[in-house]
Amino acid sequence: MAEYVHETGGPLFHIGRYVLMVRRSFANPERASMYWKETLRQMSNIGVGSLVIIMLISFFIGAVSAVQFAYNLSQSMVPMYFVGYVVKESMILELAPTISCLILAGKVGSNLASELGTMRLTEQIDALEIMGVNTFSYLIGPKLAAAITMVPLLVIVSAATGITGGLLAGSATGYVSSSDYLQGVLLQFVQKNVFIMLTKAAVFGFILTSISCYQGFYAHGSAIEIGKASTRAVVLSCIMVLFADLILAWLLLN
Amino acid sequence: MIEVRNLYKRFGSQEVLKNINTTFEPGKNNLIIGKSGSGKTVLLKCIVGLLTPTSGHVFFDEKDYVAMGIQQKNEIRRELGMLFQGGALFDSLSVEQNVRFPLDMFTKMSNSEKLDRVNEVLKRVNLVNANAKFPSQLSGGMQKRTGIARAIVMNPKYLFCDEPNSGLDPQTSIVIDELIMEITEEYQITTITNTHDMNSVVTNGDKIIFLHEGEKHWEGTRETLFMADNKELIDFIFASDFLKEARDVRLEKIKAKLSK
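From first to last, the protein sequence lines stand for chains A and B.
FYI, the numbering used here numbers position 79 of the first sequence as 79, with every residue one higher than the one before it.
FYI, the numbering used here numbers position 259 of the second sequence as 1259, with every residue one higher than the one before it.
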């Protein structure tokens, strides 16, 4: 296994190695209880550990969106309750899943890449392999499972916090009253949009976790490589999340 | 017994190991010695399966380890213990959890049985009252002892030690060397230690293999080491000017004695 750590190649080599890594991550566990424990630890790291920053950023995004929509609508004939509707729809369809996952790519992605990179460089991964542990399924599988579970939950929290931010900012600035805003929020609930939001969240969660794990797991060389692996993890995750966003929007909205 | 046959390892165009043939004897402490970059660690990693040889074979009790599938390899791996150069302890786990990890992963022992076994091996490596400490709270010597405890907790048949003395002061090095020797004899394990510490070579080497630029230049016992007629080995043993001068003085005395 360590063999391939030292190998480098072009994009096709990396895509192939990435696909193999993901496939091996879902292999049968040696001891289910150990994997379950590790999955819970990762759920706590990814989910609970990111809750505050996601809520904080979503609140301000919702608030700024409400104020700016209200400013634009105030010069038109469109009724002000429409602010609530637009904030709700944009949070659910785009802002909550995409912005949350870009934030998570920075926070969780760099964390995962440096954790695995450090384990690789300090031979902890080799130690697991010598014991006969499937390092892909023990180290990466629980992280993927935790991300696919926790990121949609974080995105639900993000959407709710963003809509609340819009409500508070709209009424605090006097652009739109609470009742008008809530009228807009309750207007025309499209179930499919929530499904799209959750699908995006699960896919983005998988992308940012698997790319970050790949960068960390195959880090090699000196300590400086851990920093480089973290940076690559964040940049690539962000690009791939946005690319997947485009593909999913095209597939799911058509 | 472990046997290495016609082993070659290449990284790109660089040939790191060239036609290595040797055997590692059971119940003995086998040493691989050589300068930095001579291929010691690569050989050790090829034997344990962390690297795949470019060609050649590694036999564990006559079973070809290189040709095995992952399932069979994992069965052999459960019989291996390895002490890594930096300890390779899991940062997020305490000493007790580190040592207990293989038991949790591969045995069906009860919690109390696991705890008893962990305490038994920690006592064996003279590491008592450190169960709750984390690797970052341990000294280099304590980390190595925890690494040894984790390596022997599953009663391995084979113990591999990669530079067990690196980063340790001379006194702690002696303690670790003695511990490896005692464990090898007590548990009758086949130990393979990779070192460039001459003190370890003199005190621990039941069988010694000297590597130079990826080739096996010499093999023998510690008793025959200083009589070896190999320029690279002599240069390795008497690496410092001080030792070379001491050797020259000694040779002059011997010559003087002989000419009388």
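Keep in mind that a hint or two might mislead.
[As the list claims (entries may be wrong)] In silico DSBU-like pairs for lysine-lysine, Cα to Cα no more than 35 Å straight-line: (1) A/K37 <-> B/K1114; (2) B/K1123 <-> A/K37; (3) A/K228 <-> B/K1133; (4) B/K1073 <-> A/K228; (5) B/K1028 <-> B/K1157; (6) B/K1253 <-> B/K1231; (7) B/K1108 <-> A/K37; (8) B/K1133 <-> B/K1114; (9) A/K228 <-> B/K1123; (10) B/K1157 <-> A/K37; (11) B/K1073 <-> B/K1114; (12) A/K107 <-> B/K1133.
I should point out that these hints are in silico values taken from the structure, not numbers from a laboratory.
Here is what the structure says about each hint:
1. A/K37 <-> B/K1114: holds (18 Å)
2. B/K1123 <-> A/K37: holds (28 Å)
3. A/K228 <-> B/K1133: At roughly 31 Å apart (the allowed maximum being 35 Å), B/K1133 and A/K228 satisfy the hint.
4. B/K1073 <-> A/K228: This hinted pair holds, its Cα atoms lying about 33 Å apart.
5. B/K1028 <-> B/K1157: With a Cα-Cα distance of about 11 Å, the restraint between B/K1028 and B/K1157 holds, given a limit of 35 Å.
6. B/K1253 <-> B/K1231: holds (21 Å)
7. B/K1108 <-> A/K37: holds (17 Å)
8. B/K1133 <-> B/K1114: Measuring from Cα to Cα gives roughly 18 Å; hence the hint holds.
9. A/K228 <-> B/K1123: violated (42 Å)
10. B/K1157 <-> A/K37: holds (30 Å)
11. B/K1073 <-> B/K1114: holds (25 Å)
12. A/K107 <-> B/K1133: holds (28 Å)
In the structure shown, a violation is registered for the earlier hint numbered 9 alone.
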